[in-house]
Amino acid sequence: MVRRSYLKLEWCIAVIEKPLRREVQADGRVQFWGMVEEMAERHPNLHGRALKVVTLSDGVTIHTAYPDRNFKVEENAD
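In our numbering, the protein residues as written are 111 to 188.
These are computed hints drawn from the structure, not numbers from a lab. All C-beta atoms in this analysis are idealised placements derived from N, C-alpha and C, irrespective of residue type, glycine included. Heads up, a few of these hints could be off.
[Said to hold, decoys possible] Estimated spans, in silico, between C-beta atoms of each pair: (1) V134 <-> P154: 27 to 35 Å; (2) D137 <-> H157: 29 to 37 Å; (3) R179 <-> E148: 24 to 32 Å; (4) Y176 <-> A136: 16 to 24 Å; (5) A136 <-> H157: 14 to 22 Å; (6) R113 <-> E148: 15 to 23 Å; (7) A136 <-> Y116: 13 to 21 Å; (8) R114 <-> Q135: 30 to 38 Å; (9) H173 <-> Y116: 24 to 32 Å; (10) V170 <-> A136: 18 to 26 Å.
[What the hints assert, rightly or not] Once the Cα atoms are required to be at most 30 Å apart in a straight line, the calculated DSSO-like pairs of lysine-lysine come out as: (11) K128 <-> K182; (12) K182 <-> K118; (13) K118 <-> K128.
Input sequences plus hints: build the corresponding full structure.
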């Protein structure tokens, strides 16, 4: 997180614990997306962006994290 000093470890942990979406990559790494209200409040230019956290295959060790401008919340198809 040194390169993205505006991110907090606690935000990444919150996204991993309660993601809006979770996907496993072909290489085994796990992607998590979640909305972090505090991130948007502290950094208005990031409002509306989900925080994407990528972990190693253990689902715990953080590989990278960044605000994802392309994330779309999936609607329930009822």
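Status of each hint after checking the structure:
Checked against the hint of 27 to 35 Å, the C-beta distance between V134 and P154 comes to roughly 33 Å, which is consistent with it. Under the hint 29 to 37 Å, the C-beta atoms of D137 and H157, about 32 Å apart, fit the expected range. Between R179 and E148 the Cβ separation comes to about 18 Å, which falls outside the hinted range of 24 to 32 Å. A hinted range of 16 to 24 Å for the beta carbons of Y176 and A136 is consistent with their spacing of about 20 Å.
Between A136 and H157 the CB atoms are about 32 Å apart, so this pair departs from the stated range of 14 to 22 Å. Separation of R113 from E148 is about 20 Å and conforms to the stated range, judged on CB atoms against 15 to 23 Å. The hint said 13 to 21 Å for the Cβ distance between A136 and Y116, and at roughly 30 Å that hint is violated. Distance hint check for R114 and Q135: the Cβ-Cβ separation is about 20 Å, which falls outside the suggested range of 30 to 38 Å.
Remark: the range hint 24 to 32 Å for H173 to Y116 is contradicted by a beta-carbon distance near 18 Å. Take V170 and A136: their Cβ atoms lie about 20 Å apart, and the range 18 to 26 Å holds. Note on K128 and K182: the hinted pairing holds, with a Cα-Cα distance of about 17 Å set against a maximum of 30 Å. For the hint pairing K182 with K118, the CA-to-CA distance comes to about 22 Å; that is within 30 Å, so the pair holds.
Distance check on the hinted pair: K118 and K128 sit about 16 Å apart at the alpha-carbon level, within 30 Å; holds.
Of the numbered hints given earlier, the model fails hints 3, 5, 7, 8 and 9; all others are met.
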